[in-house]
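K.L.:
Could you put the whole structure together from the sequences, leaning on the hints where they help?
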Amino acid sequence: MQIENKKPLIVAFCCNWCSYAGADLAGNNRLNYPAEVKIIRVPCSCRVNPMFILRAFQRGADGVILCGCHPGDCHYTSGNYYTRRRMALLFSMLDYLGIERDRTRVEWVSAAEGAKFAATMNDFVEKVTALGENKRLEDLRCKK
Amino acid sequence: MRKCSLSNLSAVFDKISENLALYIPVDTNGGAKFEKYESGMVMSEALNTVRSAKDFFFPQIEDVAAFKVEGKNIEVVDTRVIKDDFVIFGARACDVKAFEVLDNVFLSDPVDSYYANRREHGIIFALSCSKPVETCFCNAFGIDCTEPKGDVSMWKTESEMYFKANSEKGEKILALVADLLTDGEEKVVESEKAKTKEVLKKLPLSNLSPDKFGGGKTKEYFDDPAWKSLSESCLGCGTCTFVCPTCQCYDVKDFNTGHGVVRFRCWDSCMYSDFTKMAHGNPRLTQLERFRQRFMHKLVYYPENNNGLFMCVGCGRCLAKCPISMNIVKVMKTLGGKN
Amino acid sequence: MENKNLREEIIRRSGVNPLKCMRCGKCSGTCPAYDEMEYHPHQFVYMVETGDIEPLMNSKSLYKCLTCFACVDRCPRGVEPAKLIESVRLSVIRQQGNNHLNTDTIPDIIDEEMPQQAIVTALRKYNK
Amino acid sequence: MQRIGVFVCWCGSNIAGTVDVQAVAEALKTEPGVVFSTNYQYMCSQAGQDIMKQAIKEHNLTGVVVCSCSPRMHETTFRKTAAAAGLNPYMVEIANIREQCSWVHKDMPTGTEKAIILGKAAIAKVNLNTPLTPGESPVTKRALVIGGGIAGIQTALDIADAGFEVDIVEKKPTIGGKMAQIDKTFPTLDCAACILTPKMVDVAQNEKIRIFSYAEVTDVKGFVGNFTATIKKKARYVKEDVCTGCGICTEKCPQKKVPNEFNLGMDNRRAVYIPFAQAVPKVATIDPDHCTMLKTGKCGVCAKVCTAGAIDYTQKDEFIEENYGAIVVATGYNPISMDKFDEFAYNQSKDVITSLEYERLMNAAGPTAGKLLRPSDGKHPHTIVFVQCVGSRCSACDEKGKEYCSKICCMYTAKHAMLTRDKYPDTDVYVFYIDVRTPGKSFDEFYRRAVEDYGVHYIKGMVGKVMPEGDQLKVRASDLLANKQINIDADLVVLAAAIEPDKSARPLATMLTASMDTNDFFTEAHPKLRPVESPTAGVFLSGACQGPRDIPETVAQAGAAASKVIGLLAKDKLTCNPCVASSNEIMCNGCSSCANVCPYGAITYVEKEFRQPDRTTLVRRVASVNEAVCQGCGCCTVVCPSGAMDLKGFANNQIMSEVDAICK
Amino acid sequence: MQKISRETLIEKAKELLQNGTVSSVLGWKAGEFSYDVTPATFNSVEELEKDFVYNDFCGANFSKYLVKATIKAEGKILVFLKPCDTYSFNQLLTEHRFNREKVYVVGIPCEGMVDVEAIRKAAGEGIVSVECTNDGLVVDTLYNGKVKLAEQDVLLERCKVCKSKKHVAYDELLGDEGEVIESKRFDEVERLEKMTPDERFAFWQRELSRCIRCNACRDICPACTCEQCVFNNPKSGVENKAAANSFEEKMFHIIRAFHVVGRCTDCGECSRVCPQNIPLHLLNRKFIKDIDNFYGEYQAGAEVGSRAPLVNYTTDDIEASDAVRKGDGENA
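Protein chains in written order, with my numbering: chain H, 1 to 144; chain W, 1001 to 1339; chain E, 2001 to 2128; chain D, 3001 to 3664; chain G, 4001 to 4332.
Calculated from the structure, these hints are not laboratory results.
For each residue, glycine too, the CB sits at the ideal point set by N, CA and C.
Treat the hints loosely; a few may be bogus.
What the hints assert, rightly or not - Here are the simulated BS3-like cross-link-like pairs (lysine-lysine), alpha carbons at most 30 angstroms apart as the crow flies:
| # | chain 1 | residue 1 | chain 2 | residue 2 |
| --- | --- | --- | --- | --- |
| 1 | H | Lys-143 | W | Lys-1068 |
| 2 | D | Lys-3252 | D | Lys-3239 |
| 3 | E | Lys-2060 | E | Lys-2026 |
| 4 | W | Lys-1036 | H | Lys-7 |
| 5 | G | Lys-4194 | H | Lys-135 |
| 6 | G | Lys-4194 | G | Lys-4076 |
To be verified - If we take Cβ atoms under 10 angstroms as the criterion, some of the chain G residues that face chain D in the derived model are:
| # | residue |
| --- | --- |
| 7 | Asn-4019 |
| 8 | Thr-4094 |
| 9 | Arg-4100 |
| 10 | Phe-4186 |
| 11 | Arg-4200 |
| 12 | Phe-4201 |
| 13 | Cys-4224 |
| 14 | Thr-4225 |
| 15 | Glu-4227 |
| 16 | Val-4238 |
| 17 | Asn-4240 |
| 18 | Val-4260 |
| 19 | Arg-4307 |
| 20 | Ala-4308 |
| 21 | Asn-4312 |
| 22 | Thr-4314 |
Claimed, not checked - So these bits of chain H aren't anywhere near chain D, every CB distance computed over 12 angstroms:
| # | residue |
| --- | --- |
| 23 | Asp-24 |
| 24 | Arg-41 |
| 25 | Arg-59 |
| 26 | Ala-61 |
| 27 | Asp-62 |
| 28 | Arg-86 |
| 29 | Gly-98 |
| 30 | Arg-101 |
| 31 | Asp-102 |
| 32 | Ala-118 |
| 33 | Thr-129 |
| 34 | Leu-131 |
P.N.:
Here it is, written out as C-alpha cells:
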C-alpha cells in the first residue's frame, strides 16, 4: 500500500499554433486529463530552452513535456525540426546521467488532435506518477 | 606525548566519531578529500587534500539567513547549522597556519559570527609532514611543517601515530580515547622530524624567500611591467583561489525558492571578471589588474595590515592545479628577482 | 504483333475494346475461378490486346471461366473480359472445324429434351 | 513593480461551474504586483470590458491579467480594451482557465486550485512584461519579377493590372521561357505560341511593365517592402531602343554555324540573332562568343547592313539599382542532363532525343518546319518508343536523377504519342511507363484517348537498354503485365527527362535568404496554407521554381502570387509583429548560429564598435535582427550560447517566471 | 618524447620573425619544474632562446588564445598547433571568432602529451625532474629515486585515445602529416551506457559532487568563448558562483555541455585542467557519440564553415523518445 500519495506536477510547453490549440480543443470537447498538467504557451516548440526544462525540475516539477506541430507542419516551417534534434540529444544526456527517461517527453499534437492531447497527458501523468517524486533533479531549497 | 599503533588508529576514529563528528582525509578519484568518518574508512596517505581545510570554517556555500514569505508577510529564519563540536583530523601545518590568516580577517572587529561559530566548534588535529614534495614552500613563510600547531599535534612514524595536546579542547578529545593510547617517547618524534628536515633542504623551492615583499611595497610593484607577461595567459578561472587555504573573498547572494528567499554567501574569486562588481561596474577591468590584485593582496596588502604576516602558507596547491601553471612562486621570482 | 487477324476477329466477335483496359486487375480480383486458372482475366485482356493469343487458346484456363459475368459487372472501364474469353473459346471451336450455325437451321436440330438454357447459349455461341 | 489588475471571468457557468471564481480573485489579490482583483460574469461583454477600462484608470494599472477563455479566443479583444483605456496592449496576459481548466476538470476544488496557479503564472509573466510597440516600415510600390516565362509574364500582367509597376528580369534575350519552345499544350492541344505570344505582346505594351531582357539580378538587399536589387543588363551590342527588329543583320551575318539554343542545337543560327519570330523585345542580340567582330575586330557586316544604326560593338554590361516592395521568383525549370543515362544511348545516337527536342521537331517553326524527321538521316520514323520517368523517381544515386516525380511528363508524353499517331497513322508508338499519373482536369480522359482512340501502345515497364544498330535502335524493355522481356526495333526513342530547377535559383535563393529544399526548389511558407509565399517575407513564388508543374497550374499560381503581391503593395506601411527576437550586442559572439537556424533570414551581421576596458575601440561582428522580417518563433534564442538573443513578449525570464509560478 | 625538437621550432620562429612574416609567437614557456609549462607570447629571438620549450608537457591548446591575441596584436601571430588544436582552430573560424589573416599557423606533430598526475601516481610524489627520452620517461623522485616509466602509461586521457594526428588547418607543416585515427574514445561512454540508470546516477552524482565551480573547464574550453557566459550573467536566470547543491552541479555541467554540442572538438582540455579530476570529457563525448549515431558522423572543426548538427536538420530525424533508447545502445 502506498502511504504517500503526492500528486505529480507536470509542466507542458505547448506551441501556440498546434498544440496549444489542440489543448483548447480537448477543452472544447470536454476531454478530461489530470489537473496536475499546467500548460505554458510558447510561440513554437523551438522556443523551449533546455534551461527551462531544468528550471522546471529544479522548482519541483516531476515531469516536463513539450508539444509542437507535427514535423513538416510547423507554423514557422522548421522550428520543430530543431526542437526534435535538441530534445533528442538533451533527453539522451539526461538518461545518461541516470535521470528517469519517463520524466521527459516530446509529443507532436496538431490543432485537430484534442483527443490525442488528452490521451497523451493521461498517459504521461500515469507514467510520471509511477516514478514517484522527482529526486534526481530536485533542489531541496525549493521544497516547502 | 601519547601514541597508538597505526593498526589501532581506526579504533581511535571509531571512538571519537561515537561522540562527535570526525573528519579525516580519504582518497577519492579526485585526490584526497576530508570526509565525515564512518566506520571502515581508511585515512589517506596523501601529503595534502586537494581542497584545503578552510572549508570547515569558511565553506564554499553557507546560508546566512532565510526569509519565509507568505502573502505579504515575511519571516526571518536562522539558518546556522553547526551547533556541535567536530574534529578535523590530519590537517597539515600549512593549512593550520592558514587558519591564523583567516582568523585575522573574520575574527577581527566586526566579528564574522558564522566563521566564529564554526571556529569555536572545530577541534584541529594537525599532522606533521613526513614526505614534503617539490611544490612545498611553507618554509619560505616561516612554517615548520614538522611542528604543526592546532589543538593536537601529531607525528606519524612507520608504525605509530604520536599525539600531543596543545589546548584544553585537544586534551578533552585525547582523554576520550585515553584507553587506546599509550605513552610515547619524545626522541622517536625528534628523529622523525630530523629526517623530514633533511628532505626539506633538498626541495627545489627551499631557497624561496618573501623578503622582498611585505607591507609598504605597493608603489614598488604596482606598476611593474612584468605583470603583463605574467598575467597574459591567465584564464581567469578560480582554481587557484578555490584550492587556496588563505583566500577568503566571498559574495553574498539571494536565492528565490518560490516561497521565500535564502540568503547565502559563496566563495568568490578575484580572478573573475565580475568580482566586486558594483552599480558603476568593475573596479578592475582587465585580467592584468585582477591577477595583480591577487598577488599584491597576498604579498603586500595583507602583510601591511597584519603585522607582516603573508597571505600565503606555501602549501603548493596552486602550483599543482593551475591549468596554465602560473603561480605565486613564478610571480615572486619574476618580481623579486629584479630588485 | 503476331496473329493480327485472329486478334481482330476475337475483338470484332466479342464487341470488346481491350484498349479501354487500365490494368487495374479488378476482374481478376473478383473472379471466383481465379485459383483454377493459368491465365487470369486481366491477362486474357492484355494478351488479346497484344495479339498473344496462341497460348490462350491452348490453355485450360479458357474453360475455367464460369461465365458468371462478375468481371463484366464490375469492370470500371466496361471492358467485359468474360465476353472476350467467350470469343476466344469460339475461336478454338472454329479452328476445330465447328463453324457457324445459321439461326434458321437451329430449330431443326433442337431436341425436345434440350434445356432452354442450352438453346440460348448455343444461339449466343454459334451465331457470331 | 507593476500595478496589476486581475479580472476573473465566469463565462456564465462555463468557468464558474467548476471554478470558484470568487476564491480565485481573492487568492490572486496577494500576489506580488497585484493591486486590484475582481470577477465578472462575462469579461468579454461590453460591460465586462468597461469594468476593465475603469479599473485601469482608477487604479493606474500598468498590467492586466484576465483569467478567462483561451487567448486564441479573446486575447485580441482584451488587448484592444486595454489599449482603449490607454494601456499598452502587450501588458495584457490571459490565464486560460476555461479550455485548459474548467472544461477538462470535473470537481470544484481541483479546478479552483489549478485556476489560481494559472493566474499566478500569468501574473508572474506580466510582472516582467514591457510595453511593446509594433514597428512600421514603408512599402515601395513596385514589384520585381525574376524570370520571364509564362509564370513571370502572368504574375507581371496581374500586378500591372492592379496599377502597380512591375519589372521583369529575364536572362535570355527574349521573354517567353519554355512555353515558347513548346508546340501544343495538353489537354486541349491548342498551339502554345497562339496563346502565349499575345500575352508577351501585352507585357511589351503595358505601360506599368518594364522588361529587362538579357539581364540578371546580381544582388538583393533589404527586406519586405524595402528591397534594393541590382540588375545587370548584359551587353547585347545592339541598341535596344534603336533596333527595329527587321532581322536583316541576322540574315547577313557571315557566322552561320552557331548552334541554335532555341531549337536545342538541332539547327544553327547566326552570331547575331533574334531567338524566334515573335520574340519580345524583338531586338537582335550579338553572341560575343561567336561574333568575329567582337573576337578579332574584323567583320562589321551587321553594322553595315543595319539601316537603323543600332549595332554598337562597344556596349558594356550595365548595372541598374532599383527599389522594390516585393519580389516574385519565377525562375522555372530545365530538363536534366541525359549524360549519365548511358543505357538510353542519348550521347551515342542522334535518334535518341529528349521530349523538349521532340517538341521542336513537331513545331512548325522548328528545325524541320514541323515535319517529323529523324535527326540523324532526315527520314520519317515508323516505330517510335517513348520512355517515361527518365531520371524522375530515381533515388538510387542522387548524382544521376531526381527523387521526385516530375509531374508533367505523363501528360506531354501522351500528347506527343497522340499527335504523332494523329499526323502519322503509319507509325507504331510505344510508351513505356512505371505509372501513368494524370490528376488534372480532363487529363485522364486525354491519356485514355491516346490509348483507346489513337492506339498508342502503353506498356507497363521500363526500357532497360537502347542499342544503336545500323540505322535502328534496338530497344530492350520489360512488359510487366505479360511478365516478359520484349525487344523493339525503333527508329526514334524519346526520353521524358526529369525536370530540375534552373541553375540560377540557388545563388538567387542565397541573395534573397529564401529557403530551398534539397532539390533546390524554393520552399513555400506553408505547404498547405501559404503555398505561393516564401518563408522570407516579401518574396513570392511563381511557377516551376517551387516544384514541377504544368502550364495551367503555373498560371494559377502566378495569379495567386500576384494577388499576394498586390495585397502587400496596396499597403502604405507595414505593421510588424512586435514579439520579435532582439540581440544584446554586448553579449553577442557573432558566431552565426542564430542566422543559421532563422527560417526567414531575418538575422544579419554588422560590424559594431565597442569600447574596451582599456579605452580602445574594438570592432566586433554582431547579430542584428530585422524586425520587419522576424516572425517571432524564437528558434534563434535557444541556439545562442551566450543568451544574447531573446524574444520580446516571450523572453527567457518571462517563461522562467511562469515555470517558477507553476512549480512553487 | 616528441619527435620534433624545441630547436626546430625556435629555428622556424626565428625565420618567420626575422623575415617579417610574424611579429610575435605564441608558445610554451619553461617553468620552475620540468613539467609546469605556461603559454606565453614571445616577441623576440632572445626571449625565445631564453624560455621557449617544447616537450611532453606542452598540452595547452592555443586556439582559444587567438580570440583575444588577434585583437591585441599589431602584426601576425605565429602559433604552433598540434593536430587536435587545429580542430579547435577551425571551429573558432567557423564561428567568426578571430581574423584568420592575423595568424600564421605552423602545424607540428604530436606524439601525445603526458599527464603529471599520472606520473605522480606511478612514480610517487616528490618529482625532482622528468627526462623525456626515446624509450620512456625517467623520473627522478625524492622518495623512490629514479623511476622509468613507459610514455604510453602516463599519457593524458585524450592522448591515450587520440582521434587524429592529422592537421586540418595550417599555413606550414613541420614534420610528417599523420592520419585520422580509429580511436577507442567512446568505450568509456559505452561502458556507462550499459550500466543501469541507478548506477549511472550514482556515478555522476559522485563525480560531479567534487566540482568546486572554479570554471577552469569553461575558461580553458575553446568552444566557450562567449562574450558573457550565462553562468556569469545575473539576468540569465541560471547565474551562480558556486553550486549550492547537487542540482546546481548538474545544471552547470549539462548546460555547459549542451552549449558546446556540435561545437566541441573533443580536445579534452576540460578534463585536463579540472583540479578535481572530474571526467568532463565523458559528457561531451556522449553528445558526440549520439550525434554520430543519430545524424551521421560529424567532427566539429574538421572543416571551416560546416554546419553544426544543432543548427541543421533533416525531415526524417530520429524522434526524441527513440533517441533515448538508441542512445542507450538499444535497438531503435
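K.L.:
Hint by hint, note whether the structure agrees.
P.N.:
Results for each hint:
no., hint, verdict
1, H:Lys-143 to W:Lys-1068, "holds (12 angstroms)"
2, D:Lys-3252 to D:Lys-3239, "holds (18 angstroms)"
3, E:Lys-2060 to E:Lys-2026, "holds (22 angstroms)"
4, W:Lys-1036 to H:Lys-7, "violated (36 angstroms)"
5, G:Lys-4194 to H:Lys-135, "holds (22 angstroms)"
6, G:Lys-4194 to G:Lys-4076, "violated (49 angstroms)"
7, Asn-4019, "violated (29 angstroms)"
8, Thr-4094, "holds (8 angstroms)"
9, Arg-4100, "violated (13 angstroms)"
10, Phe-4186, "violated (24 angstroms)"
11, Arg-4200, "violated (25 angstroms)"
12, Phe-4201, "violated (22 angstroms)"
13, Cys-4224, "holds (8 angstroms)"
14, Thr-4225, "holds (6 angstroms)"
15, Glu-4227, "holds (5 angstroms)"
16, Val-4238, "holds (9 angstroms)"
17, Asn-4240, "violated (14 angstroms)"
18, Val-4260, "holds (8 angstroms)"
19, Arg-4307, "holds (6 angstroms)"
20, Ala-4308, "holds (7 angstroms)"
21, Asn-4312, "holds (8 angstroms)"
22, Thr-4314, "holds (9 angstroms)"
23, Asp-24, "violated (4 angstroms)"
24, Arg-41, "violated (7 angstroms)"
25, Arg-59, "violated (3 angstroms)"
26, Ala-61, "violated (5 angstroms)"
27, Asp-62, "violated (10 angstroms)"
28, Arg-86, "violated (7 angstroms)"
29, Gly-98, "holds (22 angstroms)"
30, Arg-101, "holds (21 angstroms)"
31, Asp-102, "holds (19 angstroms)"
32, Ala-118, "violated (7 angstroms)"
33, Thr-129, "holds (15 angstroms)"
34, Leu-131, "holds (17 angstroms)"
Comparing the model with each earlier hint shows violations of hints 4, 6, 7, 9, 10, 11, 12, 17, 23, 24, 25, 26, 27, 28, 32; every other hint is respected.
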